[in-house]
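Residues per chain, in single letters:
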Amino acid sequence: MKSLCLTVFLCLLAAPYALAEAESDELKALRSQVDQLTGAVRELTATVQAQQQRLDALEIEKQSASAKVDAQPTAPAVSAIPAKSRSTGTSLSALNPEIGVNADFVGQLSESSQDGEGNDKLSAREVELVFGHPIDPYSRLDVTVAFSDFEEVELEEAFITHWGLPADLRARVGRMRPKIGKASVLHRDQLDTVDEPLVVDRYLGEEGLFRTGADVSAFLPVPWEAVTHELTAGILEGGVGEGATLFGTSRRRPTLYTHLKNFWDPTDETSAELGLTYLTGSSDADASFEVHAVGVDATVKHFVTPSNPLKWQSEIFIQDRDETTNALNHPWGAYSLLDYRLNQQWAVGGRLDYVEPTDLFAASQARDADTAFGGYLTFYQSEWARWRMQYRHTDFAAGGDDDSFFVQGTVSIGVHKHALQ
Amino acid sequence: MNRSITTWGLAALLLAIPAMSLQAAEKPLKVVATVSSLGELVKAVGAEHVDVHVIVPPRLNPHYVQPKPSDVLKVKRADLFVYTGLHLELWLGPLMDAVGEPDVMPGGQKALDMSQGIQILEVPHEATTRAEGEMYMHGNPHYWLDPRNAKILGKAIVEKLREFHPEHEAAFQTNLDRFLAQLDQKITEWQVQVAPYKGRELVAYHNEWPYFTQFTGFAMREFLEPKPGIPPTPRQLHFIEGYIQENRIPAIVKAGHEPKEAAHEVAKRTSVPMVVLCHTVGELPECSDYFKMFDHNITQLTGVLAQGAQQ
Numbered sequence: 001m002k003s004l005c006l007t008v009f010l011c012l013l014a015a016p017y018a019l020a021e022a023e024s025d026e027l028k029a030l031r032s033q034v035d036q037l038t039g040a041v042r043e044l045t046a047t048v049q050a051q052q053q054r055l056d057a058l059e060i061e062k063q064s065a066s067a068k069v070d071a072q073p074t075a076p077a078v079s080a081i082p083a084k085s086r087s088t089g090t091s092l093s094a095l096n097p098e099i100g101v102n103a104d105f106v107g108q109l110s111e112s113s114q115d116g117e118g119n120d121k122l123s124a125r126e127v128e129l130v131f132g133h134p135i136d137p138y139s140r141l142d143v144t145v146a147f148s149d150f151e152e153v154e155l156e157e158a159f160i161t162h163w164g165l166p167a168d169l170r171a172r173v174g175r176m177r178p179k180i181g182k183a184s185v186l187h188r189d190q191l192d193t194v195d196e197p198l199v200v201d202r203y204l205g206e207e208g209l210f211r212t213g214a215d216v217s218a219f220l221p222v223p224w225e226a227v228t229h230e231l232t233a234g235i236l237e238g239g240v241g242e243g244a245t246l247f248g249t250s251r252r253r254p255t256l257y258t259h260l261k262n263f264w265d266p267t268d269e270t271s272a273e274l275g276l277t278y279l280t281g282s283s284d285a286d287a288s289f290e291v292h293a294v295g296v297d298a299t300v301k302h303f304v305t306p307s308n309p310l311k312w313q314s315e316i317f318i319q320d321r322d323e324t325t326n327a328l329n330h331p332w333g334a335y336s337l338l339d340y341r342l343n344q345q346w347a348v349g350g351r352l353d354y355v356e357p358t359d360l361f362a363a364s365q366a367r368d369a370d371t372a373f374g375g376y377l378t379f380y381q382s383e384w385a386r387w388r389m390q391y392r393h394t395d396f397a398a399g400g401d402d403d404s405f406f407v408q409g410t411v412s413i414g415v416h417k418h419a420l421q
Numbered sequence: 001m002n003r004s005i006t007t008w009g010l011a012a013l014l015l016a017i018p019a020m021s022l023q024a025a026e027k028p029l030k031v032v033a034t035v036s037s038l039g040e041l042v043k044a045v046g047a048e049h050v051d052v053h054v055i056v057p058p059r060l061n062p063h064y065v066q067p068k069p070s071d072v073l074k075v076k077r078a079d080l081f082v083y084t085g086l087h088l089e090l091w092l093g094p095l096m097d098a099v100g101e102p103d104v105m106p107g108g109q110k111a112l113d114m115s116q117g118i119q120i121l122e123v124p125h126e127a128t129t130r131a132e133g134e135m136y137m138h139g140n141p142h143y144w145l146d147p148r149n150a151k152i153l154g155k156a157i158v159e160k161l162r163e164f165h166p167e168h169e170a171a172f173q174t175n176l177d178r179f180l181a182q183l184d185q186k187i188t189e190w191q192v193q194v195a196p197y198k199g200r201e202l203v204a205y206h207n208e209w210p211y212f213t214q215f216t217g218f219a220m221r222e223f224l225e226p227k228p229g230i231p232p233t234p235r236q237l238h239f240i241e242g243y244i245q246e247n248r249i250p251a252i253v254k255a256g257h258e259p260k261e262a263a264h265e266v267a268k269r270t271s272v273p274m275v276v277l278c279h280t281v282g283e284l285p286e287c288s289d290y291f292k293m294f295d296h297n298i299t300q301l302t303g304v305l306a307q308g309a310q311q
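Chains A and B are the protein sequences, given in the same order.
Each residue of the first sequence is one higher than the one before, counting from 1 in my numbering.
Each residue of the second sequence is one higher than the one before, counting from 1 in my numbering.
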């Protein structure tokens, strides 16, 4: 028993030493591992630092290279973009028609006590949806549909233009604005004023004349180049535009018309246009061609400076009517408009109107004619949006007068494309 | 007697026909160019063999002119119609409709789109709308303002003229070589002139100068127009005034055809000079040809920058 106790005692005495020895080996191994890891970390740190230095060097190199590019511009090279794809497109979307929307919003205050179209209102007067595209190498289709918040949807234009005819003729067939005078040919968003000139409104229609028909036009082959002459002749269905009195309402009695446009540039800054129109039609369904009208339009545009064009535009229409019921067999009407672009954004102008009525007996007339004068101020927000204020005073042949004030906003989106004037 | 008259008459006719045809062959090609710079390059290459008419008067904004009836007739009768492309001529569609001649329409045999072969700058990578102002859907179209592009344009003109007058090919090539030799010499001169000012930033009225700055090394980042084609607004002018002062911009650049009021006002408020440059040949009397246009533009700018450096 004693020997057992002694053995245990000796073991207990020896154990710390044995443990200490074993612990010392483990520590050594651990220290060795730690040392190895420390070395590895140092190596990695050195590697990262080296990489960072390399990155910094590359960054500096890159910056100096781009600085050199800025300082020494490279010569332009031939584009790698295929010509056709860049210029015209090759996708099927190229076959889609050109689409544009022209919106015309008008606010009007007038003294007239009548409640109806044309008096106090705030309206989306007209929203034109315009489509157009070549049909083939020889022809093109243009369509204009007009929407309004107080009128029915109307097919304003739908005509085919045909090129490449003999003698350089150009033909149009369909519903269109015939080339009668100057203002009637223009869409509302192309006018310098909110309203049509009074003579156009009274004789041809509130929005000018557009009828179904056909016309051909050609430049006259003259030996001189200073003046350009374009002759147009056409036949239209009978009738006139809304509220007009030049012809009757019957569509079966056709209207014939011809227009000669003469254009020249007296100087680099000035251009002039003189147009002559003759049209004949019927005032009723019983006869043809008993109403004749001759029109003369003159436009002069002068660039006072490149930013300040001045335009004077005037038209006169003289009728020859074979009617016994009317006091006037030769009523006439005219307007004269002056427009000046003050700068890129502002324009001012004014218009004088005189129109003898065709639908009033002399006894019922208080005056010889409807006369009007007014002025306007236009703000061009951009090439696609403009705002206009206009005042107009009208004295009516039937008696009475009216003072009207207009505010107009006109905007265009999409392909805003009108025929050249 | 009658027989002898007939004989002499026939003889005269036989002699006259070749003479007439020779005279007809010598008639210069009728070329219509939309802008004056392209017209000048056609003249330089075609010389007496071309009769060039330009549609856009250099003093007007080329984007929004209204071609006249006389222009329509000239394009209709043209042997060659040269245009910028890239939608610079926003009126090209109505013009083509009025002309009604498929050969001069884009892609036609008598049409030459000068943008072909040019490295176009500022091509949008995403679809744009007019909310971004005037749209250059296919990139900036004022590419003739880098004189090095004239080499590409000149070669394209020779190629096209050769199709119509192969017998004058040598003359066209000689004219082009002569033009390019002078151009190379001038390019060296201009590069020497602008070298001290490379990297200098300028403010311009409209973004029509990227090709010019590509050549000269000037920088233009801000414009008086808030968006291309949108007239300057008070807010934009206020921003530009601050930008000029903050970045020590040495000059405000305006093309001759652009309205002067806004640029003049900013120049007055910031005491920074306004420089009127030519964006096309003939825009100012000093820019009467292609070389003089660059002479004027570079002399004007370097003059102002040199003055600024002295102060």
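Rather than coming from a laboratory, the hints here were simulated on the basis of the structure.
Some clues are possibly wrong.
To be verified - Derived EDC-like pairs (lysine to aspartate or glutamate); straight-line CA-CA distance at most 16 Å: (1) B:K68 / A:E383; (2) B:K68 / A:E156; (3) B:K151 / B:D184; (4) A:K311 / A:D368; (5) B:K68 / A:E230; (6) B:K76 / A:D359; (7) B:K27 / B:D51; (8) B:K68 / A:E273; (9) A:K301 / A:D192; (10) B:K68 / A:E269; (11) B:K227 / A:E383; (12) B:K155 / B:D184; (13) B:K68 / A:D265; (14) B:K30 / B:D51; (15) A:K121 / A:D149; (16) B:K76 / A:E230; (17) A:K301 / A:E273; (18) B:K30 / A:E225; (19) B:K76 / A:E383.
Since the model is a prediction, treat every value here as computed from it, not as a measurement.
Hints versus structure:
no., hint, result
1, B:K68 / A:E383, "19 Å, violated"
2, B:K68 / A:E156, "26 Å, violated"
3, B:K151 / B:D184, "9 Å, holds"
4, A:K311 / A:D368, "29 Å, violated"
5, B:K68 / A:E230, "12 Å, holds"
6, B:K76 / A:D359, "45 Å, violated"
7, B:K27 / B:D51, "9 Å, holds"
8, B:K68 / A:E273, "10 Å, holds"
9, A:K301 / A:D192, "13 Å, holds"
10, B:K68 / A:E269, "13 Å, holds"
11, B:K227 / A:E383, "12 Å, holds"
12, B:K155 / B:D184, "15 Å, holds"
13, B:K68 / A:D265, "9 Å, holds"
14, B:K30 / B:D51, "5 Å, holds"
15, A:K121 / A:D149, "11 Å, holds"
16, B:K76 / A:E230, "13 Å, holds"
17, A:K301 / A:E273, "9 Å, holds"
18, B:K30 / A:E225, "13 Å, holds"
19, B:K76 / A:E383, "28 Å, violated"
Violated hints, in rising order: 1, 2, 4, 6, 19; the structure is consistent with all others.
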